[in-house]
Amino acid sequence: MATVHSLEYLRSKNITKIGGEVQCRRCNARYIHEFDLEEKFNEIAEYIHEHKERMDGRASKPWLVPDCPTCNYCGTPDCMRPVLPLADQIEEINWLFLLLGQILGFCTLCQLKCFCQHSGNNSTGPKERLLYVTYLALFKQLDPM
Numbered sequence: 001m002a003t004v005h006s007l008e009y010l011r012s013k014n015i016t017k018i019g020g021e022v023q024c025r026r027c028n029a030r031y032i033h034e035f036d037l038e039e040k041f042n043e044i045a046e047y048i049h050e051h052k053e054r055m056d057g058r059a060s061k062p063w064l065v066p067d068c069p070t071c072n073y074c075g076t077p078d079c080m081r082p083v084l085p086l087a088d089q090i091e092e093i094n095w096l097f098l099l100l101g102q103i104l105g106f107c108t109l110c111q112l113k114c115f116c117q118h119s120g121n122n123s124t125g126p127k128e129r130l131l132y133v134t135y136l137a138l139f140k141q142l143d144p145m
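So the sequence shown is numbered by the UniProt record's numbering: it starts at 1 and just counts up by one.
One or more hints might be untrue.
With a straight-line Cα cutoff of 20 Å, these simulated EDC-like cross-link-like pairs (lysine to aspartate or glutamate) come out [said to hold, decoys possible]: (1) Lys13 <-> Glu50; (2) Lys140 <-> Asp78; (3) Lys113 <-> Glu128; (4) Lys127 <-> Asp67; (5) Lys40 <-> Asp143; (6) Lys140 <-> Asp36; (7) Lys17 <-> Glu128; (8) Lys113 <-> Glu92; (9) Lys52 <-> Glu128; (10) Lys40 <-> Asp78.
Distance ranges between label pairs, derived from CB positions [stated by the list, open to error]: (11) Lys61 <-> Asn14: 34 to 42 Å; (12) Glu38 <-> Asn72: 18 to 26 Å; (13) Arg25 <-> Pro126: 20 to 28 Å; (14) Gly75 <-> Lys17: 19 to 27 Å; (15) Cys74 <-> Asn122: 37 to 45 Å; (16) Glu46 <-> Ser6: 13 to 21 Å; (17) Ile32 <-> Asp67: 16 to 24 Å; (18) Leu64 <-> Asn121: 16 to 24 Å.
No wet-lab data here; the hints were simulated from the structure.
Fair warning: this is a prediction, and the values are worked out from it, not measured in the lab.
Ideal Cβ placement from N, Cα and C applies to all residues, glycine included.
Construct the complete structure from the given sequences, taking the supplied hints into account.
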């Protein structure tokens, strides 16, 4: 449930794009938005490398309040939000899509706690702590090196 395939595995299967459903907060349009796997992986790796020590075990503001894509239909900037499942369907969350888009901040505290519990991490604390743990745990699953 709370796992993603490694980058090596995804490369071996020639998977280059990761998609997930998003919805516009203005016009309610829904569509699949895709992220380039390599490009987004490199962005996250660089961000973690540059900011990890300063984060002090807590998610930084860009992770807590993520920027979002512009709507392809109405053109409103920063309005597309990931479509997340209901609380009882936590296993349906596309963790890799949320990681690559750096939009895990839209998960609820309950969803983050569930992720942490199922991935063997401490599931107590404020949202910024659980979000930090979730980012690093998912990144480590993607790149176990």
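Would you pick out the hints that fail for this structure and give their numbers low to high?
-> The structure conflicts with hints 1, 2, 7, although it agrees with all the remaining ones.
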